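Undergrad: The primary structure of each chain is shown beneath.
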Amino acid sequence: MSTAGAAAPRAPAPPLRTRPRDTSASWPLLDRIGLAFCWAAGIALCVIAATILIYMAIKGVQYLRPELLFSRPEVAVDQSGTGGFLDPLAGTLLIVTVAMAIALPLGLVVAVWLTEYGRPLGLARAVEAGVEIIAGTPSIVLAIFGLIVFQESFFGFLSFEAAGGSVFGRSFLTAGATMSLIALPLVVGATREALQAVPNHLREASFALGKTRISTIRRVLLPAVRPGIATGTVLGAGRVIGDTAIIVVLLGATARLEAGDGPTGIDTLRGTGSTLTSYVYNNSPVGEGNAPEKAYAAACVLLLIAILLNSLVTRIAKGRRGGAAWIT
Amino acid sequence: MADSTTGASASAQPGRASRRWSDARAEPVLAGISALVLAIIGAMVIFVLVSAWPSFAHNGLGWFGSGGGPVDEQLRAIQRSPAEPSNYVYELHAWPLLFGTLLTTGLALIFGLIFSLLSAVFIVEFAPPPLRRLLEPIVRLLAAVPSVIYGLIGILALGPLLDGLISEQRKEEVIFVVPLSGLNLTLATLILTIMITPIMIAIIVNALRSVPRSWTEGAAALGVNRWRTIWKISVRAARPAIIAAAVLATARALGEAIMLSMVSGSFGFAPNPLDGFSFFFEPVRPLAATIIDNAEALSVKPLGQTIYAFAAVLLVSSAMLSFAGWAAKQPMKKYAGRV
Numbered sequence: 016m017s018t019a020g021a022a023a024p025r026a027p028a029p030p031l032r033t034r035p036r037d038t039s040a041s042w043p044l045l046d047r048i049g050l051a052f053c054w055a056a057g058i059a060l061c062v063i064a065a066t067i068l069i070y071m072a073i074k075g076v077q078y079l080r081p082e083l084l085f086s087r088p089e090v091a092v093d094q095s096g097t098g099g100f101l102d103p104l105a106g107t108l109l110i111v112t113v114a115m116a117i118a119l120p121l122g123l124v125v126a127v128w129l130t131e132y133g134r135p136l137g138l139a140r141a142v143e144a145g146v147e148i149i150a151g152t153p154s155i156v157l158a159i160f161g162l163i164v165f166q167e168s169f170f171g172f173l174s175f176e177a178a179g180g181s182v183f184g185r186s187f188l189t190a191g192a193t194m195s196l197i198a199l200p201l202v203v204g205a206t207r208e209a210l211q212a213v214p215n216h217l218r219e220a221s222f223a224l225g226k227t228r229i230s231t232i233r234r235v236l237l238p239a240v241r242p243g244i245a246t247g248t249v250l251g252a253g254r255v256i257g258d259t260a261i262i263v264v265l266l267g268a269t270a271r272l273e274a275g276d277g278p279t280g281i282d283t284l285r286g287t288g289s290t291l292t293s294y295v296y297n298n299s300p301v302g303e304g305n306a307p308e309k310a311y312a313a314a315c316v317l318l319l320i321a322i323l324l325n326s327l328v329t330r331i332a333k334g335r336r337g338g339a340a341w342i343t
Numbered sequence: 005m006a007d008s009t010t011g012a013s014a015s016a017q018p019g020r021a022s023r024r025w026s027d028a029r030a031e032p033v034l035a036g037i038s039a040l041v042l043a044i045i046g047a048m049v050i051f052v053l054v055s056a057w058p059s060f061a062h063n064g065l066g067w068f069g070s071g072g073g074p075v076d077e078q079l080r081a082i083q084r085s086p087a088e089p090s091n092y093v094y095e096l097h098a099w100p101l102l103f104g105t106l107l108t109t110g111l112a113l114i115f116g117l118i119f120s121l122l123s124a125v126f127i128v129e130f131a132p133p134p135l136r137r138l139l140e141p142i143v144r145l146l147a148a149v150p151s152v153i154y155g156l157i158g159i160l161a162l163g164p165l166l167d168g169l170i171s172e173q174r175k176e177e178v179i180f181v182v183p184l185s186g187l188n189l190t191l192a193t194l195i196l197t198i199m200i201t202p203i204m205i206a207i208i209v210n211a212l213r214s215v216p217r218s219w220t221e222g223a224a225a226l227g228v229n230r231w232r233t234i235w236k237i238s239v240r241a242a243r244p245a246i247i248a249a250a251v252l253a254t255a256r257a258l259g260e261a262i263m264l265s266m267v268s269g270s271f272g273f274a275p276n277p278l279d280g281f282s283f284f285f286e287p288v289r290p291l292a293a294t295i296i297d298n299a300e301a302l303s304v305k306p307l308g309q310t311i312y313a314f315a316a317v318l319l320v321s322s323a324m325l326s327f328a329g330w331a332a333k334q335p336m337k338k339y340a341g342r343v
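Residue numbers (my numbering), protein chains in the order written: chain E, 16 to 343; chain Z, 5 to 343.
You can trust all of the hints, since none of them are fake.
Think about it this way: if two alpha-carbon atoms lie no more than 25 Å apart in a straight line, the pair counts; the simulated SDA-like pairs of lysine to any residue are:
(1) Z:K236 / E:F52
(2) Z:K236 / E:S41
(3) Z:K305 / E:G171
(4) Z:K305 / E:E167
(5) Z:K175 / E:V301
(6) Z:K175 / Z:L160
(7) Z:K175 / Z:S270
(8) Z:K236 / E:I48
(9) E:K333 / Z:P141
(10) Z:K305 / E:E303
(11) Z:K305 / E:G302
(12) E:K333 / Z:R136
(13) Z:K305 / Z:R84
(14) E:K333 / Z:L135
(15) Z:K236 / E:T38
(16) E:K333 / Z:P132
(17) E:K226 / Z:P32
(18) Z:K236 / E:S39
(19) Z:K236 / E:L50
(20) Z:K236 / E:I58
(21) E:K226 / Z:A35
(22) E:K333 / Z:P134
Looking from chain Z toward chain E, a few residues come up when the C-beta cut is under 10 Å (computed):
(23) M48
(24) A124
(25) L135
(26) Y154
(27) I157
(28) T201
(29) G329
Chain E regions said to be covered by chain Z (calculated; three or more residues, Cβ under 8 Å):
(30) 52-66
(31) 161-172
(32) 251-260
(33) 295-306
(34) 312-320
If you're looking for bench data, these hints aren't it; they were derived computationally from the structure. Every value quoted in this text rests on a predicted model; they were computed, and no experiment measured them. We put the beta carbon where it would ideally sit given N, CA and C, even for glycine.
Same shape as in the complex, but just chain E:
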């Protein structure tokens, strides 16, 4: 993003808003103190971010070994013997897949319906508010909701049954389905915003060619908003990867992928496991594993993934409107 573009949406704007020769030396003392605080806050931000990055980088160099990525967790007393985090990595991948497989279509439909149809108005308003409410609901509450719902016997097919015939409610499918609620508002938001930015003459041209509204959506609008959809997907995936509360409550957070003895694919999804986040949590001093070295190593990988996704969003957004892609 260029400086001018960042300062104002109109492209060829001068970088400074007021007279450039107005130096702070001529200001009253109080204003100068305020300015000093502003500088302090800005520099503090840089220092905090640099500290986190450098600290994690040091720990990563210390503890992160390639073989950790490819070995499965073991049970051991000593933390040198607890193996790597292949299973949590696979778990993260599974959870993201399941969550986005639900959130992406649902989010697309909601966004398209809200911008292109939006009738009856009352329902549209309600859905809009509903998406905001979901976005504002803490993930721990969503986790509890998921647990309550998926322990109903109706959803028994999604997870294993405990000894007494009661439904366990904890599996990749249930955790992924709950996670999709976290990603949903981000997908809806990004897609909606992109749809609203599509100029109306595109729609009108398509209608003039005799296309129906739904085929206009499919053939014209959706291809046009692909970057928006991608942004929403990546943002959503990032949120899913970073969330721990739902995993701890709904995935059982077992170190290995615990599948039953049925056909592998489905049974893994119905089984419990862990993701990178819950692996970090369980290996921190509050968890059962208490292997800080492993926790640091996994946290490094997690941070790397988060940074990668973050830069991906910036990359995608760069092409659009030249505007800064602020976090949503």
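Given chain E, put chain Z in place with the hints provided.
TA: Same frame as chain E, now just chain Z:
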């Protein structure tokens, strides 16, 4: 896209029944799927409140009060309650947990608001262009760091540092009341502040940028210096967005579970401001962190219902905050800014 256009184009091709998606069918289908969102919310409210009801019903308003001994003891008693449903123990006075939530959220909000307002003003107005180009990705990065990493840094790096500040003597004095350690209110508030700041900065920066340029230019033309221009004109005009940012940040702070369960000391205790300096080193445990700490024991029915009650409190407060945030954002729409 007038409605008549589509109506005409749809009816102009009546013979093409092979078209998989006719408009007449697509719209209700899409609307139905969208309404699923409402169904999910309805189910969430009903399921959580119904599951939580026994805990509220047994305690009445006392649920929100204090007393009845340490709250952790009460939770343990609930967990050990007899197997027959008629003998379930529900006795709970959750004030220490509620107070912990209020304290961490409130303090983080106050510090976060000041910090993010100053940073946003800096980014919009005063940062030299190279620094501004650096700050925007930094804000995004801070927002993208998973909470478990913040927690890990807190518990392994900052906790021991803070621990060194408390004298052994003081620890021994109060050991029978509360264990003091590096994992305490100060650390929880500090990290929570860092976690909620980026979202606030992003919203406030967007709002400050959408303040009509002519307003600030007018002030500059009158000879008002840059600090006063941004402070008296832009920040004032962006007040609704600042409130909205604060509300959203509150919702996030309220629901933060993992990080707080890692760094807040995980001891159900209401820090007492009358304890003087020790107040800042007393452990807390907010509601959300309590849910995480008891995640393993949710299958014990009365404890599960008690935990669901915590979730219900969080759900109701966050829904109210969502509404407040939406209401606060409305005045901002007249600047056509994307808030």
